[in-house]
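S.K.: If you're matching them up, the sequences are chains A and B in order. Under the numbering used here, the residue at position 127 of the first sequence is numbered 127, and the numbers go up by one with no gaps. Under the numbering used here, the residue at position 61 of the second sequence is numbered 61, and the numbers go up by one with no gaps.
Hint data in this document are derived by calculation from the structure and do not stem from the laboratory. By construction, the Cβ of each residue, glycine as well, lies at the ideal position given by its N, Cα and C atoms. A couple of the hints might just be wrong.
What follows is a list of derived Cβ distance ranges for each label pair [as the list claims (entries may be wrong)]:
| # | chain 1 | residue 1 | chain 2 | residue 2 | range |
| --- | --- | --- | --- | --- | --- |
| 1 | B | Gln197 | A | Ala66 | 50 to 60 Å |
| 2 | A | Ser411 | B | Asn345 | 53 to 63 Å |
| 3 | A | Arg48 | B | Gln197 | 20 to 30 Å |
| 4 | B | Gln269 | A | Arg133 | 26 to 36 Å |
| 5 | A | Thr314 | B | His104 | 31 to 41 Å |
| 6 | B | Asp262 | A | Gly350 | 45 to 55 Å |
Below, simulated EDC-like cross-link-like pairs (lysine to aspartate or glutamate); rule was C-alpha separation at most 20 Å, straight line [to be verified]:
| # | chain 1 | residue 1 | chain 2 | residue 2 |
| --- | --- | --- | --- | --- |
| 7 | A | Lys256 | A | Asp132 |
| 8 | B | Lys136 | B | Glu380 |
| 9 | A | Lys227 | A | Glu111 |
| 10 | A | Lys267 | B | Glu42 |
| 11 | B | Lys227 | A | Glu19 |
| 12 | B | Lys227 | B | Asp408 |
| 13 | B | Lys267 | A | Glu42 |
| 14 | A | Lys136 | A | Glu380 |
| 15 | B | Lys136 | B | Glu199 |
| 16 | B | Lys227 | B | Glu111 |
| 17 | B | Lys256 | B | Asp132 |
| 18 | A | Lys227 | B | Glu380 |
There are 2 protein chains.
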Amino acid sequence: MNLTTFNLAVLPDSMEISESVIFATLLLSAIIIFLTSHFCEEACARLRLPPVLGQLISGIILGVSALKILTFTHGDVDINPMVIDLICQATGASTAEAIVAYSHQLTAISESVANLGVIALLFLIGLESDLDRLVKVGPQAAIVAGAGVILPFVGGTVGLMALFGVATLPAIFGGAALTATSIGITAKVLKELGHLQSEEGQIIIGAAVLDDLLGILILAVVVSLVKDGRIDVANMAYLLLSTTVFVAAIALLRTKIADAFDAITQKLQSDNGPLVLAILLALIMAAIANIIHLEAILGAFAAGIILSGTRQQTALLHKLEPLTALLAPVFFIVVGAKTDLSVLNPANPGSIEGLWMAAFLIVVAVIGKVAAGYLIPAAELNRLAIGLGMIPRGEVGLVFVGIGASVDILSSTLTAAVILTVVVTTLIAPVLLPWAIPNNIASEQQA
Amino acid sequence: MNLTTFNLAVLPDSMEISESVIFATLLLSAIIIFLTSHFCEEACARLRLPPVLGQLISGIILGVSALKILTFTHGDVDINPMVIDLICQATGASTAEAIVAYSHQLTAISESVANLGVIALLFLIGLESDLDRLVKVGPQAAIVAGAGVILPFVGGTVGLMALFGVATLPAIFGGAALTATSIGITAKVLKELGHLQSEEGQIIIGAAVLDDLLGILILAVVVSLVKDGRIDVANMAYLLLSTTVFVAAIALLRTKIADAFDAITQKLQSDNGPLVLAILLALIMAAIANIIHLEAILGAFAAGIILSGTRQQTALLHKLEPLTALLAPVFFIVVGAKTDLSVLNPANPGSIEGLWMAAFLIVVAVIGKVAAGYLIPAAELNRLAIGLGMIPRGEVGLVFVGIGASVDILSSTLTAAVILTVVVTTLIAPVLLPWAIPNNIASEQQA
Numbered sequence: 001m002n003l004t005t006f007n008l009a010v011l012p013d014s015m016e017i018s019e020s021v022i023f024a025t026l027l028l029s030a031i032i033i034f035l036t037s038h039f040c041e042e043a044c045a046r047l048r049l050p051p052v053l054g055q056l057i058s059g060i061i062l063g064v065s066a067l068k069i070l071t072f073t074h075g076d077v078d079i080n081p082m083v084i085d086l087i088c089q090a091t092g093a094s095t096a097e098a099i100v101a102y103s104h105q106l107t108a109i110s111e112s113v114a115n116l117g118v119i120a121l122l123f124l125i126g127l128e129s130d131l132d133r134l135v136k137v138g139p140q141a142a143i144v145a146g147a148g149v150i151l152p153f154v155g156g157t158v159g160l161m162a163l164f165g166v167a168t169l170p171a172i173f174g175g176a177a178l179t180a181t182s183i184g185i186t187a188k189v190l191k192e193l194g195h196l197q198s199e200e201g202q203i204i205i206g207a208a209v210l211d212d213l214l215g216i217l218i219l220a221v222v223v224s225l226v227k228d229g230r231i232d233v234a235n236m237a238y239l240l241l242s243t244t245v246f247v248a249a250i251a252l253l254r255t256k257i258a259d260a261f262d263a264i265t266q267k268l269q270s271d272n273g274p275l276v277l278a279i280l281l282a283l284i285m286a287a288i289a290n291i292i293h294l295e296a297i298l299g300a301f302a303a304g305i306i307l308s309g310t311r312q313q314t315a316l317l318h319k320l321e322p323l324t325a326l327l328a329p330v331f332f333i334v335v336g337a338k339t340d341l342s343v344l345n346p347a348n349p350g351s352i353e354g355l356w357m358a359a360f361l362i363v364v365a366v367i368g369k370v371a372a373g374y375l376i377p378a379a380e381l382n383r384l385a386i387g388l389g390m391i392p393r394g395e396v397g398l399v400f401v402g403i404g405a406s407v408d409i410l411s412s413t414l415t416a417a418v419i420l421t422v423v424v425t426t427l428i429a430p431v432l433l434p435w436a437i438p439n440n441i442a443s444e445q446q447a
Numbered sequence: 001m002n003l004t005t006f007n008l009a010v011l012p013d014s015m016e017i018s019e020s021v022i023f024a025t026l027l028l029s030a031i032i033i034f035l036t037s038h039f040c041e042e043a044c045a046r047l048r049l050p051p052v053l054g055q056l057i058s059g060i061i062l063g064v065s066a067l068k069i070l071t072f073t074h075g076d077v078d079i080n081p082m083v084i085d086l087i088c089q090a091t092g093a094s095t096a097e098a099i100v101a102y103s104h105q106l107t108a109i110s111e112s113v114a115n116l117g118v119i120a121l122l123f124l125i126g127l128e129s130d131l132d133r134l135v136k137v138g139p140q141a142a143i144v145a146g147a148g149v150i151l152p153f154v155g156g157t158v159g160l161m162a163l164f165g166v167a168t169l170p171a172i173f174g175g176a177a178l179t180a181t182s183i184g185i186t187a188k189v190l191k192e193l194g195h196l197q198s199e200e201g202q203i204i205i206g207a208a209v210l211d212d213l214l215g216i217l218i219l220a221v222v223v224s225l226v227k228d229g230r231i232d233v234a235n236m237a238y239l240l241l242s243t244t245v246f247v248a249a250i251a252l253l254r255t256k257i258a259d260a261f262d263a264i265t266q267k268l269q270s271d272n273g274p275l276v277l278a279i280l281l282a283l284i285m286a287a288i289a290n291i292i293h294l295e296a297i298l299g300a301f302a303a304g305i306i307l308s309g310t311r312q313q314t315a316l317l318h319k320l321e322p323l324t325a326l327l328a329p330v331f332f333i334v335v336g337a338k339t340d341l342s343v344l345n346p347a348n349p350g351s352i353e354g355l356w357m358a359a360f361l362i363v364v365a366v367i368g369k370v371a372a373g374y375l376i377p378a379a380e381l382n383r384l385a386i387g388l389g390m391i392p393r394g395e396v397g398l399v400f401v402g403i404g405a406s407v408d409i410l411s412s413t414l415t416a417a418v419i420l421t422v423v424v425t426t427l428i429a430p431v432l433l434p435w436a437i438p439n440n441i442a443s444e445q446q447a
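The shape of chain A in the complex, shown without the other chains (with noise of 0.2 Å):
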């Protein structure tokens, strides 16, 4: 493929671009977008893959390791030609007013609707959340969550700096990324195999819930020391205060806020009165909680732990699933779009490091939750099940990658590694989990 790069410094900076030309680079924009996401989507389905999967490579294949179609590069901008061309074609706009159309549509749209996308889908993991059943398999699932955060957390930080030479910041947040437990992905394959509804079901169900929260709560934590780029006692304890004091606040003021939202949402006559205020006290809350230097989807997260608790809860997922499907894949298109995997190229002798890199991550990912379902005392249940059931990192794992890069705080090669372990603990835990539990597809059927 003849790529060629673009040099934006030679553009005029005041350049005047007519909406029209702005409006038709939108439009193909989110017709390439969809396009491939949902062709990727669509193949991931009949492998019986999750879609987050297909949402992400699609991202791959449109980003900077292969089509270059989507790339967010300042500066000098490598864009596909042929996409260039196209929106000239199409709009009769000049070479240089189509680069700038584009580079300007991609960097200010594309990374609002993902921010925008990643709020929403934390939001209705929040708003799906059923803390009555949390707490009904608590201890059982608070020590599977509780180990499953910490062994995977400090081995994969501890390795990073010592076996690969990372700087603490990066290695801290690569461990942490290490901590989450894919809700969605976990969910499904159990449904599939029967086994949802089981106690082992229930215990890894409540156990990646807290292990959300505690993964949110450590990238809270981390991204502040990443932006302050210092980690000193008084900076530690002000964002291990605020955490706390925040934590404590929703728990809290949770049964009075949800019961004045029913109070509210009774009386409101307009036609959506409802989903939009319950849009506003997220938006509201993760504006909170960027303001006192947390991360705004663990406001969004508590907004819909809330909301959780209240009369609208199911119409209110009803009505956010469709908008969730269609913001929150952009998220993980952009996070996808913007990983080099050139980088863990194996003909390529300078990726050696990076490889070893993602192997060293996803073996201690993998024994890290398998070790933490061991740890339950109950020994008459499946904990070799429970284990690998909290394996695949998923939607949150990417999470971490996507606000990492944002902060820019992640090698290339360090974020390659992360997402490789991300897909991998993805893709294995569908293939291991029918081994370790026996197929009891036509009991939960009938049930």
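Take the given structure of chain A and dock chain B to it, following the hints.
M.R.: Okay, now just chain B, sitting in the frame of chain A:
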């Protein structure tokens, strides 16, 4: 209120704005916009007014006419300094950074979302249409629709030119903005009056659908003329030809595309396959319309009409409604925010002409539709009610204003006069219709 005009020109061109400031600004803009429009929509719902009025009013409150929080002027940026202070305090950004981030978010994101919102809206309107019903009341509806488009269009255009000395193209645009009928508002009022299923009700709905189609076709041709800046025979012939070919192609291929859509979606295995495929069709047809110099919304509307004949119609409506409920308001908010109502301030002697213009347009808009009702040959029908039912311009009238503003054809006086016409016609239909129709809610509710 003490408003300052910030001058973008004094800011360094290449200022690097940190991603966290951009993100915080995005969150803040979203909160301000959703909060204000939610409040206005709720107020309208309580006054039994259509939500679109609430969205328009919230835009006017936020925009250049009042608070100046949502402003789109380029170069000198007229932003309410309270917002800039808020961003600075929340993010720690400098005033200059906050201004660049905010105006960047406003122009790029709000306008893109507004554009996608109006595409989603027209797609939904097309998808909701019931072609079978239209065929049944066809002849009468065609008379009402045809006359109801021609009379206000010709009356408005000629009057604007003859009485107010408006140039040909803006006058055509002003006349064209009077042609559409808002299905949503009319249907809601008829339903409340218990008259939706009557023959009059069916004729009104049928004529409103045809009106939308004719109005959007006129808009496509007029905007294209405006973009080329000239009315010559070759140009007109090209536009009429491309419009005819486009409509004929849709009419011919409609069932084939719908059948293909049904066949493909039946085979899709990914979770939101049909939804994503439907949106892809809307985007691609919008792009095709755009490329052959028609309006993108015409393509989206046609995609909706095509998909209204598929088995997925209900499921798609269900999933697209929450999405449109979030996106489309942004379009009306942006229209309101861009409208400078001060040009119609009665205390200002310079506004007298604009007010006369608005009064003239309102009279033409009302008389044109009522006269169209009386052109139906069947005297046993309540022809006054049919004419009155066609009066509200609502969404589609505002789509004309929004697109007129984007191609820079309407003077601020004419824009404000058309907006006032849309508002007044939308407000008087719910007042006049009950007077023309004997109330029979009971019979409708039992049906």
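S.K.: Which of the listed hints are broken here?
M.R.: As far as the earlier hints go, 3, 18 are violated by this structure, in ascending order.
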